[in-house]
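What follows is each chain in one-letter form.
There are 2 protein chains.
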Amino acid sequence: MAGTDTTQSIVYRPSPAIILCEPQLGENIGTAARAMANFGLWDLRLVNPRDGWPNERAVAAASRADHVLDKVRVFATTEEAVADLSLVFATTARRRDMQKEVVGPEEGARRIISHIGAGAGAGLLFGRERWGLYNEEVALSDAIVTLPVEPAFASLNIAQAVLILAYEWRRQSDLGEALPFGDGRAEAAPKSELMGLFEHLEGVLDQTGFFTTPDKRPSMVNNLRTALTRGSFSSQEIRTLRGVISSIDRRHERPNPNRQKPES
Amino acid sequence: MAGTDTTQSIVYRPSPAIILCEPQLGENIGTAARAMANFGLWDLRLVNPRDGWPNERAVAAASRADHVLDKVRVFATTEEAVADLSLVFATTARRRDMQKEVVGPEEGARRIISHIGAGAGAGLLFGRERWGLYNEEVALSDAIVTLPVEPAFASLNIAQAVLILAYEWRRQSDLGEALPFGDGRAEAAPKSELMGLFEHLEGVLDQTGFFTTPDKRPSMVNNLRTALTRGSFSSQEIRTLRGVISSIDRRHERPNPNRQKPES
Numbered sequence: 001m002a003g004t005d006t007t008q009s010i011v012y013r014p015s016p017a018i019i020l021c022e023p024q025l026g027e028n029i030g031t032a033a034r035a036m037a038n039f040g041l042w043d044l045r046l047v048n049p050r051d052g053w054p055n056e057r058a059v060a061a062a063s064r065a066d067h068v069l070d071k072v073r074v075f076a077t078t079e080e081a082v083a084d085l086s087l088v089f090a091t092t093a094r095r096r097d098m099q100k101e102v103v104g105p106e107e108g109a110r111r112i113i114s115h116i117g118a119g120a121g122a123g124l125l126f127g128r129e130r131w132g133l134y135n136e137e138v139a140l141s142d143a144i145v146t147l148p149v150e151p152a153f154a155s156l157n158i159a160q161a162v163l164i165l166a167y168e169w170r171r172q173s174d175l176g177e178a179l180p181f182g183d184g185r186a187e188a189a190p191k192s193e194l195m196g197l198f199e200h201l202e203g204v205l206d207q208t209g210f211f212t213t214p215d216k217r218p219s220m221v222n223n224l225r226t227a228l229t230r231g232s233f234s235s236q237e238i239r240t241l242r243g244v245i246s247s248i249d250r251r252h253e254r255p256n257p258n259r260q261k262p263e264s
Numbered sequence: 001m002a003g004t005d006t007t008q009s010i011v012y013r014p015s016p017a018i019i020l021c022e023p024q025l026g027e028n029i030g031t032a033a034r035a036m037a038n039f040g041l042w043d044l045r046l047v048n049p050r051d052g053w054p055n056e057r058a059v060a061a062a063s064r065a066d067h068v069l070d071k072v073r074v075f076a077t078t079e080e081a082v083a084d085l086s087l088v089f090a091t092t093a094r095r096r097d098m099q100k101e102v103v104g105p106e107e108g109a110r111r112i113i114s115h116i117g118a119g120a121g122a123g124l125l126f127g128r129e130r131w132g133l134y135n136e137e138v139a140l141s142d143a144i145v146t147l148p149v150e151p152a153f154a155s156l157n158i159a160q161a162v163l164i165l166a167y168e169w170r171r172q173s174d175l176g177e178a179l180p181f182g183d184g185r186a187e188a189a190p191k192s193e194l195m196g197l198f199e200h201l202e203g204v205l206d207q208t209g210f211f212t213t214p215d216k217r218p219s220m221v222n223n224l225r226t227a228l229t230r231g232s233f234s235s236q237e238i239r240t241l242r243g244v245i246s247s248i249d250r251r252h253e254r255p256n257p258n259r260q261k262p263e264s
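Just so you know, the protein sequences line up as chains A and B, in that order.
Heads up: the first sequence begins at 1 in the UniProt record's numbering, then just goes up one per residue.
Heads up: the second sequence begins at 1 in the UniProt record's numbering, then just goes up one per residue.
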């Protein structure tokens with residue numbers, strides 16, 4: 001979905017940190033950064049990335065989410081990466097044999113929003129491509145966040161898991177209803193203009209004999225008006241439709257070039 | 001997020017069709033199929049895919065979402081791909097100069113769910129990697145769905161756009177609250193056991209002189225009990241904590257190997 005508005009500048013709002021634990025592939029770091037940028041996150045932290053940092057493949061995969069990559073911080077351990085946070089969720093699709101609360105993305109985002117709203121720091125832990133998070137990392141989290149996936153196909157790519165949680169955060173924030181553009185629809189015309197259309201059309205149809213019998217006319221008119229009301233036409237559209245009616249109605253008044261002259 | 005439960009079998013529920021218009025890269029078809037599978041969608045339709053069908057790169061990128069790829073249907077035109085549907089949304093991140101309603105993913109998913117609930121067919125159109133959807137394709141849709149993205153970074157990969165809409169569909173469906181696993185938390189112990197812990201601890205602290213002055217004791221006790229109540233400990237955890245207290249309390253009763261013998 002192309003459509004970035006280059007006239008807009010990036011806004012760095014208070015938002016949750018995304019912590020990738022020992023990511024193996026630069027591509028995943030880049031696509032995670034892009035997913036964050038799509039929904040306004042920017043605090044990306046890497047714990048001991050396998051291929052070091054900076055990483056060219058991450059840059060290539062980030063589709064110009066450079067403002068996120070430029071702010072990346074690298075840590076030696078997960079403990080250091082979350083040291084400044086007071087609310088940490090571990091994202092995992094695997095049940096852990098642990099006395100740890102499990103919540104869905106809606107509840108997780110709700111808690112993060114109120115926590116950050118109170119001026120505190122919150123973050124989300126994401127595990128390794130192969131093995132996910134270690135139990136030690138889940139243990140130092142306040143709760144587990146997992147997604148309402150299809151149990152028979154529960155495996156998400158890291159960037160996709162980041163995307164869903166970034167989306168939930170934004171959806172529930174005051175930006176959730178703020179779409180990048182609205183519809184350019186003109187407002188519906190006043191009913192008087194709609195009545196003008198109806199009477200114009202029905203007058204023509206009276207002449208063409210559309211209404212088979214007088215007793216059927218009222219119900220047929222109601223059905224027509226019901227159908228034509230549904231479109232909530234603008235004044236311009238009503239003018240156009242009346243032009244269409246007139247054009248068809250006048251057809252017989254004009255000589256039809258395709259019609260054969262009658263034999264004389 | 002690894003965690004697919006291989007004991008579960010795929011369920012094909014009535015769900016929206018995902019229509020990719022002239023996708024250029026097989027990878028994107030595969031990752032879109034995977035995103036669909038994560039949230040239980042399965043009806044994938046391709047309009048004139050650039051590299052034909054089947055596509056090995058799609059299979060490689062789908063991470064075993066074979067049940068979706070096996071059902072793929074290919075159409076020559078978008079009109080044919082939506083012919084059996086009575087509700088079609090065009091996904092786009094670009095404003096169109098068109099009198100077309102624009103809704104967000106929540107409203108879009110809400111309409112799709114009620115439409116499908118009424119037994120009718122619904123689908124979502126996704127555009128080309130480079131140019132998105134043509135205006136002709138947007139025109140034949142009932143409305144535009146766009147995401148509440150960061151305006152300054154609005155470009156989503158096709159699979160990511162599919163993922164968000166598949167997630168919204170599932171989130172609002174009766175499966176939205178169904179997480180693949182719950183927490184294994186034992187229930188909180190009865191208050192009598194918690195009182196036993198409090199009295200045990202406070203009794204020890206009375207002996208150690210923790211409560212500096214008698215008049216401070218009640219408030220200090222309340223603060224301690226407040227902190228220890230918050231964890232809603234299980235019976236097992238309370239037994240463990242009482243063991244901890246006893247162990248510390250008894251330390252002086254045992255000879256301390258590190259302590260020097262007093263000079264005699």
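Certain hints may be false.
[Claimed, not checked] DSBU-like cross-link-like pairs, simulated, lysine-lysine; straight-line CA separation at most 35 Å:
1. Lys100/A / Lys71/A
2. Lys216/B / Lys191/A
3. Lys100/A / Lys191/B
4. Lys216/A / Lys191/A
5. Lys100/B / Lys71/B
6. Lys216/B / Lys191/B
Because the hints were derived from the structure by calculation, they are not lab data.
Given the hinted pair lysine 216/A and lysine 191/A, is their alpha-carbon gap at most 35 Å? 24 Å, holds
CA of lysine 100/B to CA of lysine 71/B, is that 35 Å or under? 32 Å, holds
Holds or violated: are the alpha carbons of lysine 216/B and lysine 191/B at most 35 Å from each other? 24 Å, holds
Against the 35 Å threshold, does the CA-CA distance of lysine 100/A and lysine 191/B hold or violate the hint? Since the Cα atoms of lysine 100/A and lysine 191/B sit roughly 21 Å apart, the hinted pair holds (cutoff 35 Å).
Compare the distance between the alpha carbons of lysine 216/B and lysine 191/A with 35 Å, and conclude whether the hinted pair is satisfied. 76 Å, violated
Are the Cα positions of lysine 100/A and lysine 71/A separated by 35 Å at most? 32 Å, holds
Hint 2 from the earlier list is the only one contradicted by this structure; the remaining hints agree with it.
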